Amino acid sequence: MRHFQLPKFISGLDYFILILALLLTAFGIASIYSAGIDSEGVRFSNEYSKQIIWAVSGLGIMIAAMALDISRLKDYTVFAYMAILLLLLYTRFAGRVVNGARSWIGVGEYGIQPAEFAKIITILFLARYLDLSDQSSSFKRLIASLGITGIPVLLILSQPDFGSALVFFPILIVMLYVGGIDRRYILFILLSIGFTFIFLMLPLAGRYSFPGGNILDLFFQRPGYVVMLSGLFLIALALSLWGWLVFKKQYYFWLSYGLSVLDLSIVLALAGHKVLKDYQIMRLMVFLNPNVDPQGAGWNIIQSVTAIGSGGLAGKGFLQGTQSHARFIPQQSTDFIFSIIAEEWGFLGGLLLVALFCFLLYRMLGLVSSTKDRYSMLVCGGFFGMFAFHFMINVGMAIGIMPITGIPLYFISYGGSSLWAAFMAIGFLLGISSRRYRM
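Just so we're on the same page, the numbering used here is the position in the sequence shown counted from 1, plus 1.
One or more hints might be untrue.
As the list claims (entries may be wrong) - Label-pair distances were calculated between CB atoms; the ranges are: (1) Lys141 / Leu320: 54 to 60 angstroms; (2) Met403 / Gly61: 29 to 35 angstroms; (3) Leu314 / Met403: 20 to 26 angstroms; (4) Leu74 / Leu155: 24 to 30 angstroms; (5) Gly310 / Leu155: 37 to 43 angstroms; (6) Phe17 / Ala145: 32 to 38 angstroms; (7) Leu349 / Ala145: 43 to 49 angstroms; (8) Tyr363 / Gly195: 24 to 30 angstroms; (9) Leu235 / Leu349: 50 to 56 angstroms.
Hints are computed from structural coordinates only; laboratory data are not their basis.
In this text the structure is predicted, and so the values were computed from the model without any measurement.
We treat Cβ as the ideally placed atom computed from N, Cα and C, and that holds for glycine.
All chains, please: the whole structure from these sequences, using the hints.
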């Protein structure tokens, strides 16, 4: 049995990851403090003090996670996975409603968002499966991985928390890639997601751009038409598969491949039209054109882009932001905190924040390639997908190139659950970095 040796453990740590996490947290606390000051310089919110408490306790969580040998814990992840599913189920029926989603549990004003920790536990459990199933076929591993990821996604969607559910897909894609799944299956998932988004957005665009909607909008309002078209695609798919099996021609394979993507995308888009709430549909619409609802759903994007543009090259200075301190930016300490940073610190400040995140992601990729333990490598890949997606979507929302999904910016946005989850992930990564050459 190997004993824990503190000097060797500390010497192996990736200090860049630790320092970057601490710098980003300090950056976030300062930005949250600024978000709580009004145009007259009066502090109207104590969110920054709560964030400091969460950051200090988050450091404790990070140290605890760092001390654990993650490769020895993988057999226990199945119990953690079952526990988080039960917690998500409990949240669905007995949780607290915040911003239209029953996604919180807690007592009084204190609560946690189980979906944040579900991401981490799903990564740990999925990594275990992909590690142990290395000799199985790619198709079998793909189906099982979709099931492992899909169960928490469905529970989170039922709350409904579309943004948190969305994060599981890049996690899945990266882990499938690192796990050695056939690239054609990964491409299939990516294409299906892309065409689903297209089939979901085009009818909505037509609904608000043309009187009476466009042909795609009318089409998706009639499920019978969708079923008929899907049936035709299935027939064509069956014929293509028959041609591939009989004649062994590659173009039959790719024809059936493309038809499968289209058929699945249409069905998923139809489900999206039925499941999405009105406010979620409007969020997608204002992504295409904020002026569709400039006083409602489009207000967030318009004010965010205005604040970022007003910051110029070097910004207006700390606590000098006019848009943010006049409280024109909704949810300015959470979803749109990047707007405050860009307004007060300008393009250079925003670029610095982006550079810090990119360097953090680069160090995570370094762990994926350097660790010798396959399980740890998969875990690092999952965390990379999680952090990268949060970063791209949140910053993209603020500058108007991504739909509003309510995804926080790790370490920067106000919130205890997301900060604790981020520190827990960093702790696991630091633990892996200290042991990577001894596994």
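A quick look at each hint next to the structure:
A hinted range of 54 to 60 angstroms for the beta carbons of Lys141 and Leu320 is consistent with their spacing of about 57 angstroms. Between Met403 and Gly61 the C-beta distance comes to about 33 angstroms, which sits within the given range of 29 to 35 angstroms. A C-beta distance of roughly 24 angstroms is found between Leu314 and Met403, which places it inside the suggested range of 20 to 26 angstroms. Between Leu74 and Leu155, the C-beta spacing of about 26 angstroms keeps the proposed range 24 to 30 angstroms intact.
As the Cβ distance of Gly310 to Leu155 is approximately 40 angstroms, the hint placing it in 37 to 43 angstroms holds. Judged by the Cβ atoms, the range 32 to 38 angstroms given for Phe17 and Ala145 holds: they are separated by roughly 35 angstroms. A beta carbon spacing of about 47 angstroms between Leu349 and Ala145 agrees with the range 43 to 49 angstroms that was offered as a hint. Taking 24 to 30 angstroms as the suggested C-beta distance range, the pair Tyr363 and Gly195 conforms, at roughly 26 angstroms.
Under the hint 50 to 56 angstroms, the C-beta atoms of Leu235 and Leu349, about 54 angstroms apart, fit the expected range.
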